[in-house]
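So the sequences go chain by chain: A and B. Its first residue numbered 1394, the first sequence is counted upward by one per residue in our numbering. Its first residue numbered 3, the second sequence is counted upward by one per residue in our numbering.
Derived by calculation from the structure, the hints in this document are not laboratory data. The beta carbon of each residue, even a glycine, is placed where N, CA and C say it ideally should be. Any given hint could turn out to be false.
To be verified - Which chain A residues stay away from chain B? Per the calculated CB distances, all over 10 angstroms, these: (1) 1449; (2) 1461; (3) 1485; (4) 1486; (5) 1499; (6) 1508; (7) 1514; (8) 1544; (9) 1625; (10) 1696; (11) 1751; (12) 1765; (13) 1776; (14) 1856.
As the list claims (entries may be wrong) - Here are the computed distance ranges between Cβ atoms for each label pair: (15) A:1704 / B:93: 43 to 49 angstroms; (16) B:30 / A:1805: 35 to 41 angstroms; (17) A:1694 / B:42: 52 to 58 angstroms.
Stated by the list, open to error - Part of the chain B face toward chain A, derived, beta carbon under 7 angstroms: (18) 29; (19) 32; (20) 55; (21) 106; (22) 107; (23) 108; (24) 109; (25) 111; (26) 116; (27) 117; (28) 142.
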Amino acid sequence: MVSLKYSIKVLFPVLLLAGVVGCSCSKRPDPSELFEPGIYLLDTATAEGQSGKTSVLNFKILLVPARDAEVTVSYTHDTVNPELISVVYPDETIDIAAASSDYIQVSEVHEVVFAPGETEKTVSVTVTGDDLYEHNEAVAMKLLGSSNEYKRKNAYGLILNDDPPPIASVNVKTAAGEVVESLNEGGDLGQDNKQVPLKVEITLDKVSGLDAKVAPQYEENPYLNNEATYRSDFALYSQFDASNIYLNRLKSDDVITIPAGETKVVYDLVVIDDGSFDGEGSESLILKLNPRTDVSVNSTGSKAVIEIFDNEIDPASIYNVLLDGQLNKGIVDTGVNTKVGTINGQDADVFGAAFNFQYLDAQGVATNDQDLAKCVKDMNTGLVWEIKRAFVNIEEGADPVAHALANRHWFGQRFTWYEPEFHLNGGRSGTPGQETCFLKEDSGSSETKSCSTSYYAADVNLEQFCGLTGWRLPSIEEMRSVSNYAIDDVHSFAFAAMQNNNVNEYPGEDGFWSNESAANDTSSAWVVFFKDSSATPTTARSLYESIRGKFGTETSFFTVRANGILVNDGGNP
Amino acid sequence: MKNTFLLFIIFVLPGSLAAATNPNLCQSALISTTPDERFTEQVDPSIVYDRRTGLFWQRCPLGLSYDAVNNVCSGTMQYSYTEALNQALALDNGDPQFAWRLPNIKELASIAERKCAKPALNLNIFYNFDERIPLFWSSTVKDSQHVYIINFENGTTDLRNPDLNASVRLVADGP
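Okay, chain A solo, but in the shape it has when bound:
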């Protein structure tokens, strides 16, 4: 079967002729009343029939008017000519029927002989039935030779599809193939910040002759628990490859194709553990299939629902079980040795903890090679910090996705603050921003191209940056822990490499988002300025509230953006 991707024309409307042939009028019209004298080959159509059965395409040859002598007419199969098939079906794709599999070809050249007085002969072509849902298919027939009598030499027989489209259904399964209806957000306690890999299977109830197209949709949660959020709670991929996550990420409304002849496609679903207690309770992910073309869905199989349980532990309960003195995060050096007059030693450091950092490479392995370093671990707090990078120029015309990936950790990237979890956002989620992060802004353009902090963290988690997931915005105190108050410069990172040792390029004017909403105005989130400028001493290292977009107003383009640096509990919270 060859698919014709454009409309096909015939000389006469099939419907008109079908009306003549199939007319149930009390008096059958004489062709001579309709047609001028000549010989006509007429179009025809038949339902295909089911598998194992046959049906017949009856091509009529009309002789107008009846003659006194015999008339012999030769006919044979023709190649379907796309340009000759009618616009009678302008909204339909007509495929070319395949000889032997779709119909039994009449062998070579045949003749019909009109006896004197006869006006109609029938040429029958046997059609092979099947159970495949497919387009209507055309078989071409033509009269042989040339004669002034031939008023219509070419005709098409349509094999009409009589099979219903396949029914698609969706399931979420484990790698072992078991259907999942609920799971824990991450691993067990002590193995947190994991991604749980699952499979989404979209299956058809039968083989189809056509590509079936469906679109997934993350449906709003009608239940009492929370709604799982795309990218921060889960992500769906055609093939999971963290290095290439922009290319194969399935967005809601992307169209998924199940090729003709196949009944199943499988996608990678990743459930993401946010790694922090936020009292979010369970969340539901509802994946609904919307039929697009050549497929249908029914109410039972069109949705997959999984409930994701929050298994994080309330930090208050950790305080209770923590033995006094066994502290996981103390307070490290300020960098300042206070001495006023003769008074020394007022700047006591808990544990005597001077700054102590260790480079980690892309896999999270300790290294002393600055070129390999991607992250740095604070040996006092155990926190692992992202190292921000200088902008990497990629040749013009390069794939924008490659460009974005190369600059994922660019320190100039700014973000809108966005946190969909209620217990972290205090009731105002902020502005999601665009899907793709890390595209350099056009200079001078007022158009915002930034993505949000939440999307940024989600992407870095999926990358498993430095071998870790659970990347998140830091708290104010965590940012303060890596601030060196002795540095009086445009930045005050305790570890210079955190901003790539490149003070000149560093956008020190901008603050860095914390993960904390402001208590006196939850439409604001806290920003930490590492900058310490003598020109504006009152703002040095102060904490400022910055306005973020109003809750739920996606049309709010005027949203405050700031820098972001990510932190990780290092798998050892």
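Using the hints, position chain B against chain A.
Then chain B, alone, in the frame of chain A:
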């Protein structure tokens, strides 16, 4: 319906005014950074121990006296930066467990309660915040004209001339 709406306004307005004078404005949706569980009381009820940082804190600002019966601190006292340092040294009674001193900026900021404002403090742990004097000295100096302070009205960091006055909350490392 109209009458009901009017009644609603009449009763809500006085409530809103009352809320503005509450000692503490807390967002129930936000997670507490200094929950009660983080602190343990000591034999001396004027001191709390912070289990997260391992620091001992005075529950009253320096210069105020603690009323253990009513859990309040009475008095008002502010110090210049140098006075504060000297006052802390003067409290040194040779007890190595409680060598009281000014907290550095990171220590002082660690007791800010981010769930709340006006003040940004857990008032179950730290008593009697006087909103007229919300600035507290840290020991951390930027230069001879600037010392880091925390404004506990909302927890922001700022700089202050050491000759000016501010409140003081002393800290000790413990044993």
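(message) Over 10 angstroms from every CB of chain B: does residue 1856 of chain A meet that, or does the non-interface label fail?
(response) Residue 1856 of chain A clear of chain B: closest Cβ-Cβ about 27 angstroms, beyond 10 angstroms.
(request) Under 7 angstroms, Cβ to Cβ, is where residue 117 of chain B needs to be relative to chain A, so tell me if that hint holds or is violated. (result) holds (6 angstroms)
(message) Hint validation: residue 55 of chain B versus chain A, beta carbon distance must be below 7 angstroms. Holds or violated?
(response) holds (5 angstroms)
(message) Please verify that the nearest CB of chain B lies beyond 10 angstroms from residue 1696 of chain A's CB.
(response) Fine: 30 angstroms to the nearest Cβ keeps residue 1696 of chain A off the interface.
(request) Taking the shortest Cβ-to-Cβ distance between residue 1508 of chain A and chain B, state whether it exceeds 10 angstroms. (result) At about 91 angstroms from chain B, residue 1508 of chain A clears the 10 angstroms cut-off, so the statement holds.
(request) Grab the minimum beta-carbon distance between residue 1514 of chain A and chain B and tell me whether it stays above 10 angstroms. (result) Holds, since 83 angstroms exceeds 10 angstroms.
(request) Starting from the hint 35 to 41 angstroms, judge whether the C-beta atoms of residue 30 of chain B and residue 1805 of chain A obey it. (result) holds (37 angstroms)
(request) Just double-check residue 1485 of chain A for me: nearest Cβ-Cβ distance to chain B has to come out over 10 angstroms. (result) holds (56 angstroms)
(request) Have a go at the residue 108 of chain B hint: is there a Cβ in chain A nearer than 7 angstroms to its own Cβ? (result) The hint holds - residue 108 of chain B has a Cβ within 7 angstroms of chain A, the shortest such distance being about 5 angstroms.
(message) The hint names residue 107 of chain B as touching chain A; please verify it with the least Cβ-Cβ distance against 7 angstroms.
(response) Given a least distance of 6 angstroms, the restraint on residue 107 of chain B holds.
(request) Grab the minimum C-beta distance from residue 111 of chain B to chain A and call the hint holds if it beats 7 angstroms, violated otherwise. (result) Holds - the Cβ of residue 111 of chain B comes within 7 angstroms of chain A, reaching about 6 angstroms at its closest.
(request) Have a go at the residue 32 of chain B hint: is there a Cβ in chain A nearer than 7 angstroms to its own Cβ? (result) holds (5 angstroms)
The earlier numbered hints are all upheld by this structure, with none contradicted.
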